[in-house]
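J.: Next come the chains, spelled out residue by residue.
There are 2 protein chains.
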Amino acid sequence: MLSFSEGQELINRELQKLPVAHEPRDLYDPIKYIIKIGGKRLRPVLVLMSCNLFTEDYLIALKQALGIELFHNFTLLHDDIMDESEIRRNHPTVHQKWNKNIAILSGDAMSIMSHRFIADCDEGVMRPVIEMFSKTALEVCEGQQFDMNYENRKQISTQDYLKMIELKTAVLIAASMGIGALTGKASASLVKQSYEFGKNIGMAFQIRDDYLDVYGEPGVFGKMIGQDILSNKKTYLLTRSIELARGIIRKELQKWQTATDYDTDEKINAIRNIYSRLEIEKLTASAMNEYYQEAIRHLDKMKIKEDRKSELRKIADTILARHQ
Amino acid sequence: MLSFSEGQELINRELQKLPVAHEPRDLYDPIKYIIKIGGKRLRPVLVLMSCNLFTEDYLIALKQALGIELFHNFTLLHDDIMDESEIRRNHPTVHQKWNKNIAILSGDAMSIMSHRFIADCDEGVMRPVIEMFSKTALEVCEGQQFDMNYENRKQISTQDYLKMIELKTAVLIAASMGIGALTGKASASLVKQSYEFGKNIGMAFQIRDDYLDVYGEPGVFGKMIGQDILSNKKTYLLTRSIELARGIIRKELQKWQTATDYDTDEKINAIRNIYSRLEIEKLTASAMNEYYQEAIRHLDKMKIKEDRKSELRKIADTILARHQ
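Read top to bottom, the protein sequences are chains A and B. Using my numbering, the letters of the first sequence map in sequence onto residues 49 to 372. Using my numbering, the letters of the second sequence map in sequence onto residues 49 to 372.
Careful: at least some of the hints might be erroneous.
To be verified - Restricting the straight-line Cα-Cα distance to at most 30 Å, the calculated cross-link-like pairs of lysine-lysine (BS3-like) are: (1) LYS183(A) to LYS353(B); (2) LYS111(A) to LYS88(B); (3) LYS357(B) to LYS80(A); (4) LYS233(B) to LYS148(A).
Said to hold, decoys possible - A few chain A positions that, by computed beta-carbon distances, are all more than 12 Å from chain B: (5) GLY87; (6) THR103; (7) MET196; (8) LYS202; (9) GLN275; (10) GLN305; (11) GLU342; (12) ARG345.
Think of the hints as simulated: they come from the structure by calculation, not from any bench. We treat Cβ as the ideally placed atom computed from N, Cα and C, and that holds for glycine.
Given the sequences, and given the hints that come with them, work out the whole structure.
T.: Written out as structure tokens, the structure reads:
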């Protein structure tokens with residue numbers, strides 16, 4: 049069975065020899081750049097591993113794996129413009145290194161390329177693969193729009209937050225599993241179970257990301273600790289706190305959400321303190337664990353040999369325990 | 049045979065009932081808006097008419113026609129951001145009416161929707177239809193990038209200009225014809241001839257647009273006369289003039305290209321005068337006519353009944369003679 053790290057190596061090797069045109073350079077150089085600066089390659093590896101659940105010949109899903117990774121990077125490229133982010137994976141973002149127009153257009157080209165790779169599969173599965181991909185791609189746009197809308201709202205419910213991360217993050221991880229299963233000629237119910245496994249892993253993955261912003265070990269977690277707190281980013285921890293806080297804690301939370309002039313360490317410590325009084329760490333860990341358990345239930349239900357599932361179990365465990 | 053105006057009516061009717069989701073509104077309202085404010089619907093009608101060359105049942109190409117029109121409108125939406133255009137078809141552009149981020153994201157969603165419509169066709173032609181579309185879509189991005197690059201260059205050759213409009217404008221009109229022919233199950237050589245007819249019509253169409261900016265009748269031509277002249281936009285007329293101008297005419301042309309403080313009527317008249325001394329009107333009409341003739345040659349070569357070609361001949365004549 050293909051392991052995650054073998055999958056990563058394979059994908060990185062293939063991405064390096066991706067046939068990207070040369071001219072016009074301002075269109076294609078940013079595409080090569082964003083691919084080169086890396087990433088965990090979680091989604092494309094899941095495409096291959098999901099396919100590998102059903103066939104030894106997981107390379108039949110290679111084009112779809114690359115298509116999903118291209119699409120994911122396209123969304124990062126455009127999200128960075130919209131969020132005005134200056135740094136991505138320790139490198140300047142495309143609109144910083146080139147300019148906004150070039151970032152818009154090279155993102156557009158990447159999106160088109162991703163469709164091209166996705167559609168390059170066996171005739172027998174072409175239609176369902178394309179349908180799952182384009183439905184998912186549109187959902188990712190919806191998720192980004194909800195995310196932008198929520199930025200300007202003082203409070204959103206945890207339910208709205210969960211719906212947003214499902215669209216923005218989880219469905220593409222779900223579709224990676226689903227498309228892998230489709231290329232592996234899995235039955236409709238196995239495709240559905242693969243998809244649901246991915247969706248729940250994706251939810252756990254995003255909530256874990258929120259969690260690590262507050263409880264991650266500095267230097268181990270890839271980002272600086274407390275950034276979400278400082279930017280009042282809507283996270284699972286914050287939406288839950290807003291729902292649970294009463295009385296004096298509620299007032300303190302509101303004070304910090306609207307404060308404009310403060311010491312950053314003081315704000316981080318104050319919010320951590322509120323989280324601690326509301327037992328947010330435990331609640332968040334428990335939410336993550338529920339999604340993890342739900343993912344495992346779908347894997348358990350799959351009517352395929354147990355030994356084929358081992359590598360995906362490892363991934364689920366790693367995601368739940370990830371520190372970076 | 050489907051006439052152009054019948055095709056337009058059909059497309060406009062179908063666009064009105066296009067299944068566009070409602071939520072989030074900031075994502076989908078701009079899509080409904082840009083579709084509603086109109087356009088000539090040249091590309092989708094050509095898809096249907098091209099299909100109709102080979103079968104009575106041209107409605108089999110309806111989804112592809114809508115997909116092409118969605119893609120075209122997506123490119124307008126993003127081009128308007130990049131060009132900072134405030135008005136499109138007498139209405140505020142999407143980034144003006146909403147904002148840039150919404151325009152980026154709703155454009156992304158439109159691009160994804162266009163792929164979805166294009167792929168929704170008969171299994172037998174799915175692969176070549178998707179391949180022609182995604183290749184073309186990427187070329188349109190290349191054309192837009194060249195266009196942006198050329199804006200900052202003092203002079204470009206007519207050859208570079210023609211390559212740019214081929215990518216930015218002509219190939220999508222070509223692919224409209226090609227995809228129509230593919231859905232109509234035309235042979236490879238008939239698909240090629242349809243494509244080439246479209247490409248040459250597209251070139252004539254764009255050069256005619258450049259021509260009308262200078263020689264169009266005010267009030268008949270949809271845009272204000274002389275706008276390209278005032279903005280030093282690279283057009284067939286300007287690139288030819290730069291190549292041909294010598295001595296005092298060359299100096300005068302250069303003076304107007306770099307002038308910052310001038311009376312607009314004076315600049316328009318001065319450039320028209322230069323064009324007149326260089327016989328640019330005749331040269332441009334002749335270039336248009338060559339592309340028109342080349343288009344007709346491809347139509348003539350098609351081994352199908354003559355009476356099936358009549359409506360496309362009319363379109364070619366209309367485009368060459370169009371005043372708006």
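J.: Look at each hint and say if it fits the structure.
T.: Here is what the structure says about each hint:
A distance of roughly 41 Å separates the Cα atoms of LYS183(A) and LYS353(B); the hinted pair therefore is violated under the 30 Å criterion. Between LYS111(A) and LYS88(B) the alpha-carbon distance is near 37 Å, which puts this suggested pair outside the 30 Å criterion. Distance restraint check for LYS357(B) and LYS80(A): the Cα-Cα separation of roughly 45 Å exceeds the 30 Å cut-off, and the hinted pair is therefore not satisfied. Between the alpha carbons of LYS233(B) and LYS148(A) the distance comes to roughly 42 Å, so the proposed pair goes past 30 Å and is violated.
Remark: the non-interface label on GLY87(A) is consistent with the geometry, its nearest Cβ contact in chain B lying 20 Å away (cut-off 12 Å). For THR103(A), the condition that its CB be more than 12 Å from all CB atoms of chain B holds, with the nearest at approximately 22 Å. MET196(A), annotated as away from the interface, has a beta carbon of chain B within 12 Å; the closest lies near 6 Å. With 12 Å as the threshold on Cβ separation, the claim that LYS202(A) sits away from chain B holds: the shortest Cβ distance comes to roughly 18 Å.
Non-interface status of GLN275(A) relative to chain B is upheld: no Cβ of that chain comes within 12 Å, the nearest being about 21 Å off. Every Cβ of chain B is farther than 12 Å from the Cβ of GLN305(A); the closest lies at roughly 23 Å, confirming the non-interface assignment. With 12 Å as the threshold on Cβ separation, the claim that GLU342(A) sits away from chain B holds: the shortest Cβ distance comes to roughly 25 Å. The beta carbon of ARG345(A) is kept farther than 12 Å from every beta carbon of chain B, the shortest such distance being approximately 30 Å.
Violation of the numbered hints given earlier is confined to hints 1, 2, 3, 4 and 7; the remaining hints are satisfied by the structure.
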